[in-house]
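As they're listed, the protein sequences go chains L and F. Read in our numbering, the first sequence has 160 at position 160, and its numbers run on one by one without any break. Read in our numbering, the second sequence has 105 at position 105, and its numbers run on one by one without any break.
The set of hints was computed from the structure by calculation and includes no laboratory data. All values reported here derive from a predicted model rather than from experimental measurement. All C-beta atoms in this analysis are idealised placements derived from N, C-alpha and C, irrespective of residue type, glycine included. Where hints are given, some of them may not hold.
A few chain L residues that face chain F, going by a derived Cβ cut-off under 7 Å, partial list only [as the list claims (entries may be wrong)]:
id	residue
1	115
2	116
3	138
4	209
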Amino acid sequence: MIEHDPQKEAETQMPEASAPTELIASVRNLTVGYASGIILQDVSFDVPRGSVFGILGRSGCGKTTLFKAMIGLIEPYEGEIFVDGEKVEPLAEGKSESILRKIGVLFQSGALFSSMTVAENVALPFRQYTDLNETIIEQIVLLKLSEVGLLGKERLLPSELSGGMQKRAALARAMALDPKILFFDEPSTGLDPVTSAELDRTILRINETLGTTIIIVTHELASVLDVADRVIMLDGDEKTIIAEGDPRHLRDASTDPRVQAFFRRSLSA
Amino acid sequence: MAGRIFGPWRPGQTGATSDLTDTDGVVTPSRESCGFRVRVEDKHFDEICVHLGGKIFMGNAEAVLQELLRTIRNQPMKNVEINLQEVEYIDSSGVAILVAVSRASQSLNNRLSITNVPDKFKGFLHLFEEPAPAPSGVLRPPQGPNLLVQIGDGCTALYNNALDILAFIGAAMEALVRDLSRPRKLKWDGLWKLIERAGSDAVPIVTILSFLMGAILAFQAAVQLRKFGANIFVADLVSVSICLEMGPLLTALIVAGRSGAGYAAHIGTMQVNQEVDALKVMGFDPIRYLVSPRILAVALSLPCLTVIADLSGVVGGALVAWFSLDLTPTAYFNQVHKVLEVSDVLKGLTKSLVFGIEIALIGCLRGFQVRGGAESVGTATTSAVVTSIFILTVTDAVFAVLFYYGPRL
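Work out the full structure, taking the sequences as your base and the hints as a guide.
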């Protein structure tokens, strides 16, 4: 069981380097890659608390690699990542457990456990991290499912849900412990435009009502322009950030041809 | 009037407070350590106000709930107002508590209202306004049907399973015959890889286990035969039992555990990833594309592995006979030559050919039966091994009867 003091967590500050504005995540000089080679080199950026932050770029530019590094799934070669004042350590070393309570992750495929019902999937974090009795857990699970519009589906297995429902069930699980940051990896993948827009609305509602910081990895322009306050754009050739700022401003004012090509969906870059 | 105070409640609160207990001003350490405060105030003759303060989170949610439930049950005839002005932190568990307290209040025919919600927590509290169903045991495993229904379902499943197996055997054999009649259509490149995985890769484990099996048989026989001075018959026992029975069966079990399970997992995963559907829409017959080469691979590999198992087992027996019975290798192998007939080896190889076809068929069938996700793949893999063991044993028994009563080769 991880000690959890909400007040202490609320008082936690970012390291000195990122202290001037209220930041919830900070990436410093990150170099990350795989055995096949370096994917991103010397990447630095900050995520303001309570924002919807987008990580953009073309396929293969390192978005998912950065996402995995930020949640501790892969170890950076160099650099540091801070989440809510704590340094992210590789999960395999078991040093980042207190961070795990602060983050929720919605994977591209949803990653629901196929042997468990929807309710059991959402209840899993409570059983892992709290001593709550089953009745309270069930009540919270029902509240979470109500929040994502899945009431009545509690007893279904993931395989009995549509793609959009699976994403929403996975979102309910990601939100279970009221995380301070929610990470979304390509949330619109495999969804029709209407379902995708519904998911975007849910993301915005969570951000507005609960104040949860949202970090979205995506290449869906419509989604980014709808929900993100701030974005960074990665480039696979330069292996670093090529643009940062308000996505609407980047679309309208950026002079970088690669950024323009991305927002205009053209091949000119 | 005295107030009931839990935790470090600050003095100077306004409004009259009811004397529910005699603990006026007493700070209960356990509640203080829990980080929340509850103070009850009489508002009207039929209404109480419960001032909730401090931090309410998953670590103390149960204690808060018990305290609130006790409070409203102590005043069963009064409506309840819960004032959240002093709350410093609340999360989803706090909302769940309020929903539970609201439900308890309704069961006493009282009205419950939430007031003075701090702005920063209104996001969480909006959930309270939306009706959420009461817990009904959705996290408890569903009750299974009664025994008779289970037996009926089991029989139906068995019947359907048998039909599936027969239909699949028919389809696979038809595909195999078609492939063999037009060998150019067969994917030979893939076949060699399958033979390598099912055959060559299994040689070390088959050799070691057969060697040990021969040695164990010889050792057990030696203990008994030594009493009668019949040491030489160890060679008879080991060679005949290994070549006729243990070699083919042991090898088949090893291959079922390696290749049969592997085929079920591989085809099952393809099924989950819609690769099988992709084959169909591209005009491939999945049975011909996936099953025929695997049947051929295992059917060709298993007799070869059985020969290796036979040799290894006999050598294992020879070593034990040499060291524990002082039976020289020459004497041992002379006796093997006298007692072991070519037909015994051929019978074993015939069995192994049939075993190979069965293992591949069952592994592929279980793979095609996968529906859903990862759990189904695991179930199919387990089922492939268990079904193979059962079918192999039954087939072995049938062969034993056939070889005994059938014409001598």
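Right, here's what the structure says about each hint:
1. 115: holds (4 Å)
2. 116: Hint on residue 116/L: violated, closest Cβ of chain F at ~9 Å, above 7 Å.
3. 138: Holds: closest Cβ of chain F sits about 4 Å from residue 138/L, inside 7 Å.
4. 209: holds (3 Å)
The structure shown violates just one earlier hint, number 2.
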